[in-house]
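**Q** Chains as they are written, first to last, in this note's numbering: chain X, 1 to 411; chain Z, 1001 to 1139.
It is worth saying that the hints were derived from the structure and are not from the lab. Heads up, a few of these hints could be off.
[Claimed, not checked] Derived pair list, reagent style DSS-like, types lysine-lysine, alpha-carbon separation capped at 27 Å: (1) K358(X) with K1023(Z); (2) K1110(Z) with K408(X); (3) K1023(Z) with K27(X); (4) K1129(Z) with K404(X); (5) K1065(Z) with K408(X); (6) K116(X) with K169(X); (7) K1110(Z) with K358(X); (8) K404(X) with K1110(Z); (9) K405(X) with K1023(Z); (10) K1032(Z) with K408(X); (11) K358(X) with K11(X); (12) K358(X) with K394(X); (13) K1042(Z) with K1065(Z); (14) K405(X) with K1110(Z); (15) K405(X) with K1129(Z); (16) K358(X) with K1065(Z); (17) K1110(Z) with K27(X); (18) K1129(Z) with K1110(Z); (19) K404(X) with K1023(Z); (20) K112(X) with K268(X).
[What the hints assert, rightly or not] Covered, in the sense of this in silico footprint (three residues per stretch, anywhere, with C-beta under 8 Å from a C-beta of chain X), are these stretches of chain Z: (21) 1017-1026; (22) 1052-1065; (23) 1071-1084.
[To be verified] From the structure, some residues in chain X lie toward chain Z, with a derived Cβ separation under 8 Å: (24) D351; (25) M354; (26) G366.
Note that the coordinates shown come from a computational prediction; the quantities given were computed from them, not determined experimentally. Where is the CB? At the ideal position from N, CA and C, for every residue including glycine.
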Amino acid sequence: MSTQTDILDLKKIRADFPILAQEVNGKPLVYFDNGATSQKPQQVIDVINTYYSNENSNIHRGIHTLSQVATDAYEKARKVVQAFINAEHEHEVIFTSGTTGSINTIASSFGKAHLKEGDEIIISTMEHHSNIVPWQMICEEKGANLKVVPINDAGEFLFDEYEKLLSSKTKLVAVTHVSNTLGTINPVKEIIAKAQEHGALTLIDGAQAVPHKKVDVRDLDCDFYVFSGHKMLGPTGVGILYGKETILNELPPYQGGGDMIKTVTFEKTTYNELPHKFEAGTPNIVGGIALASAIEYMNAIGIDNIASYEDELLTYATAQIKTIEGVRIIGEAQNKASVLSFVVDGTHPSDIGMIVDKLGIAIRTGHHCTEPLMNRFNIPGTARASFAFYNTTKEIDVFIEALKKAIKMLV
Amino acid sequence: MSIAEIQAEIVDEFALFDEWMDKYEHLIELGKDLPVIAEEFKTEDNLIKGCQSRVWLHANLNDGKIEFTAESDAIITKGIVALMIRVFSNQTPKNIASSNVDFIDEIGLKEHLSPTRSNGLLSMLKQIKMYSIAYQAKV
Ligand SMILES: Cc1ncc(COP(=O)(O)O)c(C=O)c1O
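Modelling step: build the complete structure from the supplied sequences, incorporating the hints.
**A** What follows is the structure, given as structure tokens:
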């Protein structure tokens, strides 16, 4: 039933991911929860191991050799990220703890400096809670208002409605590049250009975009672009905040501490330059270094190859799931990436998830940290299969059979 | 029957199933058979919200014993809810307060009470215990 593709050497790629070889509940693992976090190739695991075995030292602080080795590796990692997203300067790349950390940094720093009563921030209906709650918190603090762009039934951003919301009151537009629940790829370049016409800053949540498609922050011309390492083959606890130099320079620091200062007296502290101004304290050094190795791994395969192959997977899975009676796909945008969310008539997503888990298949069920979006569709949650380039059409066949079995048991 | 006796009976019942499929099918049957909770008791107050599924639990003290009725929007969860009701409903607050729930582990469904499942079952169990403590003061 499954088709063969020759874009990628799947056999070789799968051998790089040790976790994929294991059995779960007595069945070969089928890992379709990549939207939550991706698996890690041996190359990345080795970098972590090597770092702690041979290079561990604190950075930016020591004159001894090991400290220099660690600092060099960390700063080289920054350059790898810079090239990956095509940032103009390496100091526009700030290491954070993840997407959530990045958004909170901007919500707090930007909010403190620029947000006034009556100002507006625009987000969309399909945002992850990480791109809702920090804005709600700062809006509440400052007496500003949060405006929400609606979507259509296919799960697409309504551009006309967005244009209506924009005004001179709009200070910032924060929108996801790819929806973690629907898979919708938003027209962020157009969204950014429109915001600029109204003098608003833009933040793009790229958590679900960078693992699947080429991102060029200069082409997008966004002010901020944020993502997590762990969803793109890297370790947990590290992420990126990209910001335009001019904008980041204007913002106050987020946290105070070591590394982010130039001089400290009890009367006054002057802040360090970018990127250190936003990197207080000892960072996740190995996280940054391992993230760079994850990027190098992806680059070696080719982001465009990854994107094409994953499109094939999504198209195949979508066609297969549509043959099952009672399945309704949630999120049928024209432009989608790697996410297949669905509900089954007469069943609860968690029942589906529990049964396919027994058959070795890891999918996600629930609201996927997008409760307002679930309310928009009037459902308690969905079951979501999300694919990575190490998945295969054969795994999709296994999943479809498991799903049929689950439905037979439940309905 | 005492709480311990009912638990032993359930463990015997589940001993018939070697396969997880049979076990789940049985849970699904139990879930389908659970008497529905009266609509008036499906309130926000009685709702135990899990991230995955929702459970409603209503308690009522009758003749020195607590009657529980419950409901869930997910059927496997509801099957386990039915087992809990069978074990704890129509028992005295004192007996409920001093009882354990080892049977869930013994029938191989322990994972359903893990906090990561976030299905409301663990909270339901805590709620049952809370009711038993609260009602002990009344009897
Ligand atoms: C679109 C989107 N935004 C933000 C996040 C939050 O990412 P993290 O938990 O890594 O900070 C996620 C992860 O689930 C996501 O999918």
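**Q** Against each hint, give a clear statement of whether it holds in the structure.
**A** Comparing the hints with the structure gives:
1. With a C-alpha separation of about 12 Å, the suggested pairing of K358(X) with K1023(Z) holds against the 27 Å cut-off.
2. As the CA atoms of K1110(Z) and K408(X) are separated by approximately 25 Å, the hinted pair is consistent with the 27 Å bound.
3. With a C-alpha separation of about 18 Å, the suggested pairing of K1023(Z) with K27(X) holds against the 27 Å cut-off.
4. About 39 Å separates the Cα atoms of K1129(Z) and K404(X), which puts this hinted pair outside 27 Å; it is violated.
5. Of the supplied pair hints, the one linking K1065(Z) and K408(X) is violated, its CA atoms being roughly 39 Å apart against a limit of 27 Å.
6. Proposed proximity of K116(X) and K169(X) is supported: the alpha carbons are some 10 Å apart, at most 27 Å.
7. Note on K1110(Z) and K358(X): the hinted pairing holds, with a Cα-Cα distance of about 14 Å set against a maximum of 27 Å.
8. Between K404(X) and K1110(Z), the direct Cα distance comes to roughly 26 Å. Compliance with the 27 Å bound is thereby established for this hinted pair.
9. Under the criterion of a C-alpha separation no larger than 27 Å, the hint pairing K405(X) with K1023(Z) is consistent with the structure, at around 15 Å.
10. About 15 Å separates the Cα atoms of K1032(Z) and K408(X), which keeps this hinted pair within 27 Å; it holds.
11. For the hint pairing K358(X) with K11(X), the CA-to-CA distance comes to about 25 Å; that is within 27 Å, so the pair holds.
12. For the given pair, K358(X) sits about 18 Å from K394(X) by alpha-carbon distance, which is consistent with the 27 Å threshold.
13. Straight-line distance between C-alpha atoms of K1042(Z) and K1065(Z) comes to about 21 Å, which keeps the hinted pair within the 27 Å bound.
14. Distance hint between K405(X) and K1110(Z) is fulfilled; the C-alpha atoms sit about 23 Å from each other, no more than 27 Å.
15. Taking the CA atoms of K405(X) and K1129(Z), the gap is near 37 Å; set against the 27 Å cutoff, the hint is violated.
16. Our distance criterion of 27 Å between C-alpha atoms is broken by K358(X) and K1065(Z), whose separation comes to about 38 Å.
17. For the hint linking K1110(Z) to K27(X), the alpha-carbon distance of about 20 Å falls within 27 Å, and the restraint holds.
18. With a C-alpha separation of about 18 Å, the suggested pair K1129(Z) and K1110(Z) falls inside the 27 Å cut-off, and the hint holds.
19. Between the alpha carbons of K404(X) and K1023(Z) the distance comes to roughly 18 Å, so the proposed pair stays at or under 27 Å and holds.
20. With a C-alpha separation of about 19 Å, the suggested pair K112(X) and K268(X) falls inside the 27 Å cut-off, and the hint holds.
21. Given as covered by chain X, the region 1017-1026 of chain Z passes the check, having 4 residues with a CB less than 8 Å from a CB of that chain where 3 are the minimum.
22. Closer than 8 Å: that is the beta-carbon criterion, and the region 1052-1065 of chain Z has 3 residues meeting it against chain X, so the requirement of 3 holds.
23. Using a Cβ-Cβ cut-off of 8 Å, 5 residues of the region 1071-1084 of chain Z lie near chain X, which meets the minimum of three, so the contact claim holds.
24. Below 8 Å, beta-carbon pairs count as interface contacts, and D351(X) has one with chain Z at about 5 Å; its hint therefore holds.
25. Interface restraint check for M354(X): the shortest CB-CB distance to chain Z comes to about 5 Å, inside 8 Å, so the restraint holds.
26. Taken as an interface hint, G366(X) checks out: its beta carbon lies about 5 Å from the nearest beta carbon of chain Z, inside 8 Å.
The structure fails to meet hints 4, 5, 15 and 16 from the earlier list, while all remaining hints are met.
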